[in-house]
Amino acid sequence: MPRISVTVDGIRYDEEVEPRLLLVHFLRDRLGKTGTPIGCDTSNCGACTVLLDGRSAKSCSVLAVQADGCDIVTIEGLAAGESWHPMQKAFHEEHALQCGYCTPGMIMAAIDLLHDDPDPSEEDIREGLEGNLCRCTGYCTIVRAVRRAAREMSQEQEGAAAS
Amino acid sequence: MIPASFDYVRVSSLDEALETLREQGEEAKVLAGGQSLLPLLRLRLAYPGTLVDLGRVEELRGVADRGDHVLIGAMTTHYDVVASPVVREHCPLVALATATVADPAVRHRGTFGGSLAHADPAGDLPAVALALDMEFVVRSAAGERVIPAADFFLDYLETALAPGEILTGVRVPKLGPGWGFHYEKFHRTAQAWAIVGVAAAVRRSGGVVEEARVALTNMGPTPVRATAVEQAVRGAEPGGNGGAAGGALRAAAERADEDTDPPADLHARPDYRRHLARVLTHRALLAAAG
Ligand SMILES: Cc1cc2nc3c(=O)[nH]c(=O)nc-3n(C[C@H](O)[C@H](O)[C@H](O)COP(=O)(O)OP(=O)(O)OC[C@H]3O[C@@H](n4cnc5c(N)ncnc54)[C@H](O)[C@@H]3O)c2cc1C
Ligand code: FES
Ligand code: FES
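Chains as they are written, first to last, in this note's numbering: chain V, 409 to 571; chain R, 163 to 452.
Same shape as in the complex, but just chain V (with noise of 0.2 Å):
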């Protein structure tokens, strides 16, 4: 069985994994992160969406195998101890969830846009998130959480560019 060495949110882990195996039941199964859900069996949903060297992918549709050598982040990764990331952060002070079952996935297309592009207006963010569906929100409470996490982010940028 092939070996593989991945870094999954700044730990590393060397283990065997089946070729067949997917990433996203590699995260849930083998080392129980299972803030990665997994919503459809089409690639389609987005729910299982992690950044794979910085990087939006569908976790569901990469072979663990190919992640070899990869830094991984998911859901589970982006607090720093009890403080929560600002996009995170966003999307409760927003109401940008129901169910939350496509929220770790959003969330994380959604940093992946910030870092292409720090101020989206609501056109890009729509465009950004296509490849993630909810089926409770109705989008626009995402929408705005998005602006407002891209606003705190850039803000916390100055901040730390002036001190």
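Take these hints with a grain of salt, some might be off.
Selected chain V positions facing chain R (in silico; Cβ < 10 Å) [stated by the list, open to error]: (1) Gly440; (2) Thr442; (3) Thr450; (4) Lys466; (5) Leu471; (6) Gln474; (7) Gly539; (8) Glu560.
Among the chain R residues that face chain V by a calculated CB cut under 7 Å, a handful are [stated by the list, open to error]: (9) Leu200; (10) Pro201; (11) Thr262; (12) Pro266; (13) His270; (14) Arg417.
In case anyone wonders, no lab produced these hints; they're calculated from the structure. The beta-carbon is built from N, C-alpha and C at its ideal position, and this holds for glycine as well.
Given chain V, work out where chain R with the ligands should sit, using these hints.
This is chain R with the ligands only, laid out in the frame that chain V set:
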């Protein structure tokens, strides 16, 4: 679902990939970005014996300006194609269409070559390849050959690639000055795949359409070149006197569904696709000639 078992070989060069394919025989398949293949494996619609992973073959990745054409490496991701200044400058139609492929997470992993080799009739890039007369550079243990786009797409998910052959890159001819481009796509909000798509390139001179290239996505088992439209639109004056001008492009677009064989599926019936092809072709021509 969990895919059926297969063996996995990660290669680090094209030669190693070709050698591995030769050893493994017909049961082997190459894995590019996995964004079409992994969904098929998950639904157990494909049962490869061995996957040969090209993900770390750096020589197949990247965009190069080659004078009269642009060479796009097969393993260049959709994301990198859209971001490439060379693609944006010399092949804007490729950038426009690729930006509509799937969603950002899929574009980070899915590749230019994978989309073309997969040859999904609903995929956006095959029609663009046909409209621009791209050339497919293919390698096997026996050597290299070049396949024109017009000979590449044979049938539903079927291309001229033989077992053991790898698409290494695609040559996109530079069209030169005077051309306008547009990719017009109709799809469901929650599903990026085209119900119908139209790739259009139009060259104007002195306000008159001198030449047009039009190809259709998802109007048959392969992409189709709308040759009747291309001929009919020649000589039209899109910017001319109002109604008559718009009328010339519209009349040409009315011929968009000639010689097509649109599929019926849960998104659309064939007659609706024919209607869409005409309307979207009109929009694409207006935008490309604009
Ligand atoms: C949710 C979702 C939405 C999508 N929406 C769209 C869309 O709107 N438009 C669109 O065009 N596409 C869409 N796609 C497909 C996407 O563009 C894929 O990236 C593409 O079809 C396949 O590229 P890949 O690199 O992932 O190939 P893979 O999945 O790795 O391979 C696909 C096939 O091509 C073969 N292959 C790959 N590379 C080579 C090569 N170099 N030489 C020989 N054979 C090769 C493989 O063996 C396999 O049979 C979507 C995919 C998903 C998951
Ligand atoms: S589980 Fe739906 S896209 Fe991955
Ligand atoms: S909150 Fe329920 S699916 Fe998005």
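Here is how each hint holds up against the structure:
1. Gly440: With a closest approach of 18 Å, the Gly440 (chain V) hint is violated.
2. Thr442: violated (17 Å)
3. Thr450: holds (6 Å)
4. Lys466: holds (5 Å)
5. Leu471: Hint on Leu471 (chain V): holds, closest Cβ of chain R at ~7 Å, below 10 Å.
6. Gln474: holds (6 Å)
7. Gly539: OK, holds: Gly539 (chain V) within 10 Å of chain R, min 3 Å.
8. Glu560: With a minimum Cβ separation of about 22 Å from chain R (threshold 10 Å), the hint on Glu560 (chain V) is violated.
9. Leu200: Hint on Leu200 (chain R): holds, closest Cβ of chain V at ~5 Å, below 7 Å.
10. Pro201: With a minimum Cβ separation of about 5 Å from chain V (threshold 7 Å), the hint on Pro201 (chain R) holds.
11. Thr262: This hint is violated: Thr262 (chain R) lies away from chain V, its Cβ roughly 10 Å from the closest one there, beyond 7 Å.
12. Pro266: holds (6 Å)
13. His270: holds (5 Å)
14. Arg417: violated (33 Å)
Violated hints for the displayed structure, listed by number in ascending order: 1, 2, 8, 11 and 14.
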